[in-house]
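**Q** Position chains B and C with the ligands against the provided structure of chain A, taking the given hints into account.
Next come the chains, spelled out residue by residue.
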Amino acid sequence: MSTEYLAAEQARTPDSGVLLDVRDLHVEFRTRDGVAKAVNGVNYSVAEGETLAVLGESGSGKSVTAQAIMGILDSPPGFVTKGEIVFQGRDLLKLGAEERRKVRGAKMAMIFQDALSSLNPVLTVGEQLGEMFTTHQGMSKKDSRAKAVELMDRVRIPAAAERVKQYPHQFSGGMRQRVMIAMAMALEPDLIIADEPTTALDVTVQAQVMDLLAELQRELNMGLILITHDLGVVADVADKIAVMYAGRIVETAPVHEIYKAPAHPYTKGLLQSIPRLDQKGQELYAIKGLPPNLLRIPPGCAFNPRCPQARDRCRTEVPPLYEVGPVRASACHYWKETLGE
Amino acid sequence: MPEPQNPFDDGRQAVAPGGGAGGGFDLAAEEAGTLDKVPGQGGGGDLSEKPRSLWSDAWRDLRRNPIFIISALIILFLIFISLWPGVLASQDPLQADLSKAQQGSGPGHPFGYDQQGRDVYTRVIYGARASVTVGVCATLGVVILGSALGGLAGYFGGWWDAILSRISDVFFGIPVILGGLVFLSVITNSTVWPVVGFMILLGWPQIARIARGSVITAKQNDYVQAARALGAGNKRILLRHIAPNALAPVIVVGTIALGTYISLEATLSYLGVGLRPPTVSWGIDISDASSQIRNAPHMLLWPAGALSLTVLAFIMLGDAVRDALDPKLR
Amino acid sequence: MGRYVIRRLLQMIPVFIGSTFLIFFMVYALGDPVAALFGDRAPDPATAARIRADLHLNDPLWKQYLLYMGNIFRGDFGTAFNGQPVTELLRSAYPITIRLTIVAILFEIVIGITLGVVTGMKRGRPIDTGALLLTLIVVSIPTFVIGYVLQYLFGVKLKWVSPSVSPSAPFNELILPGLVLALVSLAYVTRLTRTSVAENTRADYVRTAVAKGLPRRRVVVRHLLRNSLIPVVTFIGTDIGALMGGAIVTERIYNIHGVGFQLYQGILRNNAPTVVGFVTILVLVFLLANLLVDLLYAVLDPRIRYA
Ligand SMILES: Nc1ncnc2c1ncn2[C@@H]1O[C@H](COP(=O)(O)OP(=O)(O)OP(=O)(O)O)[C@@H](O)[C@H]1O
Ligand code: SF4
Ligand SMILES: [Mg+2]
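Chains as they are written, first to last, in the UniProt record's numbering: chain A, 1 to 341; chain B, 1 to 330; chain C, 1 to 307.
Bound-form chain A, shown alone (with noise of 0.2 Å):
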């Protein structure tokens, strides 16, 4: 199954061009009440300078996909049981734990959701900005201050000598996700994993933070994982989307046309779901149900009890990964239906 697809997108990407390789990947969570399985079988990947959006409900397992590819997991509860995350070449679950914290932050780094509480309080943001060129790359603490008045002046954070010594709770929401940003852009890596880096601000401000996060990523030609809900920003910076559903990917392919014909049922609600100006006074449509529970997932296609277009089948036969065009693919087996409409 999914397999078969990973071997024919590696045929069509022959080049080195790919910077992470997600393949297969399982996760689990072994809690008191049993075990959830919050990611079943996930692959993507992402090209140098490429931008993947990751689309789909709460719970789904995108963060804990991007967890595991960070090698941030809670563990316990948090296990990965299966799959590769191939990085520049090397699966990253292969390294021992001392060369993987050198991967972390040095080539990938992450932007967390509510930068109020992923700063330290008590650490000035000039010291939380200073400590990534102190640990590695034993810079010393009079230069990395310097660094990180740069940083700060580079996401255009206003003032940034005095700032640089204020604490978190100082700063605005734009500005402390700003901050975020700049620290996680310190190192320049190769690959950044924004966790919804706008939800928690304000609309007004999420624009201008999305924007430099966009504008930074084309500079240093970095590959960009963008978990979102918000399917207006996928449409302006992402080249491919992924949808997850229940720990899977259900469908992935170039951005323009996903919005033109989805060929997945749970990724058509999700788009019909959107409010669109042409539609004004029409009744928002919503999926109906709810997302399954992770420690019961229905057998077959996940998505059975809640899509239109289920049948027996679907019941019984998980879906794989169909070849839907030359880079795109469906877990839906019947996606010529849902494409065609």
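Please note that the accuracy of each hint is not assured.
Unchecked claim - If you want the footprint, here are the derived chain A segments under chain C, 3+ residues with CB under 8 Å:
1. 55-64
2. 98-108
3. 114-122
What the hints assert, rightly or not - For each label pair, taking beta carbons as the anchor points, the in silico distance ranges come out as:
4. Q84(C) <-> Q91(B): 39 to 45 Å
5. R276(B) <-> P95(C): 34 to 40 Å
6. P45(C) <-> N189(B): 26 to 32 Å
7. N189(B) <-> S162(C): 37 to 43 Å
8. L230(B) <-> T199(A): 32 to 38 Å
9. T199(A) <-> T129(C): 35 to 41 Å
10. R32(A) <-> R294(B): 46 to 52 Å
11. K94(A) <-> W160(C): 51 to 57 Å
12. R226(C) <-> A207(A): 32 to 38 Å
13. P45(C) <-> R294(B): 47 to 53 Å
14. Q91(B) <-> W160(C): 38 to 44 Å
15. R276(B) <-> R32(A): 46 to 52 Å
16. P254(A) <-> G231(B): 54 to 60 Å
17. G34(A) <-> S56(B): 19 to 25 Å
If you are wondering where the hints come from, they were derived from the structure by calculation, not from laboratory data. If you're wondering where the values come from, they're calculated on a predicted model, not measured in any experiment. Where a beta carbon is used, it is the ideal one built from N, C-alpha and C, also for glycine.
**A** Okay, now just chains B and C with the ligands, sitting in the frame of chain A:
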């Protein structure tokens, strides 16, 4: 300073700034360390539903917790022997045979004899009553007085609150043992009541602070706001909506405090101001025995063991209840 | 900051007056200082009346309190039962108890914090369960029992230390008493540290620190501990007063002539000046320690501002 030192609320209240004397810091961020057991949302729907599920969830948890079961059994056993000591001990705890003073165990006298030749086993059984009475009565008094004063202060705020805070600061400013010495040394009544009264006098501010804190938290909850919006009166809101939630931390701390009061009784008896003969109490026997440790360790071992086990049982019970009520800790 | 300190100092005044008055009330109103002077002998009524007048015992209590406080602020703490001025007792007793408290605080810091950090990071492992059980047992046994048992064990049986402390009470003789004095707080510090560390381990900013690729040591020391220890440090600060006031039992067991010992003597002999004098100083120490802790809190946690 020594609020009857209670190592087992893990400082989640004690730590909040201003928890000491005075108060007056603002946490710029909302991370104040309060024990927020109150379910987050609520809103419309059946307004009384939330607290009930908190308790029933906790109960389901507790029934499966061996620590809870063991400590509950120990406590039930204690209550039993304090009510009917004669069932397990047929002798008279006061009957002394000086010829047997400090003798070790023998047939019919498994724990041996004390300094005056009284049977240690019988005294351990009969001693439970005084300790349990002191613990239970002091706790009841402290909980009733503390939660009434603290709860009202938290609910109405303003002057009430300011005055109460200052008064409890005054009581916190007096070390417990010192207060006990001063207060009890002038009292000649040899029953348990002066000791109980003293513990209530110095113990209530501890509960008042906790009750105040949790009432303030509960007051801000959506379903309380909703009830108020629907026109419910103060009395109804307090009794129906706030009390069930605010009670949880009070019960937890109260249970643990019960253990520490039992221990405190022993310490006061050791200092000569606690219970006095002819009352039979572990505290009295322990303090008599502690200076005899070189000659007759068994005299110390049994009553001290019984008392420690009792204190341990109450602390573990409170701990287990707290864990069950606080989902954050899982 | 200056204004905050002044406000806090002003707030301390009613608490100071309240606490000292309460003790004053208990000592003077509940006991009979004159009878105490004569011990078991019945005083001759005329002498008793003269003494009452001298000591202002016929005045209303608030007036007696004011007179007493007035004297205290002039440095006159009255006379102890043995005829010594109370100030002399204070001068000899406080340094001893301060030394004892320092030893106890060191135990809290070294053992309590270490155990707390280890158990907090290894939650649920055997070492955690074991240490927790130990803290429970320690608080369940009355301090004086542990005191006697350890004295017997280390002082009499093993002869590692002398069972009682010499009058000069040097630091090395105070190690065992300091440990006994610290025990309950030690258990508290362990549990407080454990909870705090365990809570912060899951904090977002710790996850960030890991995601930054910082070495584990740095994540733990600079990010996790720097935050987790704030409540612990403040607890230990407030505990200074508690330890000094709670030393009565320890000092009695080991025959240490410190604050607790003098207070105990004063109470037994119903010597009001000794009791009220020592308590007044204790309350002051307690209030100042609390103020310092609040200021320290603001230094450690920049989110706190002086209001
Ligand atoms: N530390 C954890 N312990 C137990 N279960 C966890 C943990 N972290 C995540 N999970 C489980 O993994 C599932 C996927 O979570 P994840 O955070 O990846 O969702 P998400 O797609 O990022 O959703 P959202 O859009 O809300 O961020 C969740 O349903 C959750 O139950
Ligand atoms: S496989 Fe069946 S249930 Fe699943 S999405 Fe396709 S049609 Fe719907
Ligand atoms: Mg997420």
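**Q** The structure should be examined with respect to each hint, and the outcome stated for every one.
**A** Hint by hint, here is what the structure shows:
1. 55-64: The restraint on the region 55-64 of chain A is violated, since only 0 of its residues have a Cβ under 8 Å from chain C and three are required.
2. 98-108: Contact hint for the region 98-108 of chain A vs chain C: holds, 6 residues under 8 Å.
3. 114-122: Coverage by chain C holds here, the residue count being 7 at a Cβ distance below 8 Å.
4. Q84(C) <-> Q91(B): 39 to 45 Å: 50 Å Cβ-Cβ, so the 39 to 45 Å window is violated.
5. R276(B) <-> P95(C): 34 to 40 Å: Given range 34 to 40 Å: holds, Cβ gap about 35 Å.
6. P45(C) <-> N189(B): 26 to 32 Å: With a Cβ separation near 27 Å, P45(C) and N189(B) satisfy 26 to 32 Å, so the hint holds.
7. N189(B) <-> S162(C): 37 to 43 Å: holds, 40 Å
8. L230(B) <-> T199(A): 32 to 38 Å: holds, 33 Å
9. T199(A) <-> T129(C): 35 to 41 Å: holds, 40 Å
10. R32(A) <-> R294(B): 46 to 52 Å: holds, 50 Å
11. K94(A) <-> W160(C): 51 to 57 Å: holds, 54 Å
12. R226(C) <-> A207(A): 32 to 38 Å: Given about 36 Å between the Cβ atoms, the range holds.
13. P45(C) <-> R294(B): 47 to 53 Å: holds, 48 Å
14. Q91(B) <-> W160(C): 38 to 44 Å: holds, 41 Å
15. R276(B) <-> R32(A): 46 to 52 Å: holds, 51 Å
16. P254(A) <-> G231(B): 54 to 60 Å: holds, 58 Å
17. G34(A) <-> S56(B): 19 to 25 Å: Since the Cβ atoms of G34(A) and S56(B) sit about 21 Å apart, the hinted range of 19 to 25 Å holds.
Hints 1, 4, counting from the list given before, are not met by this structure.
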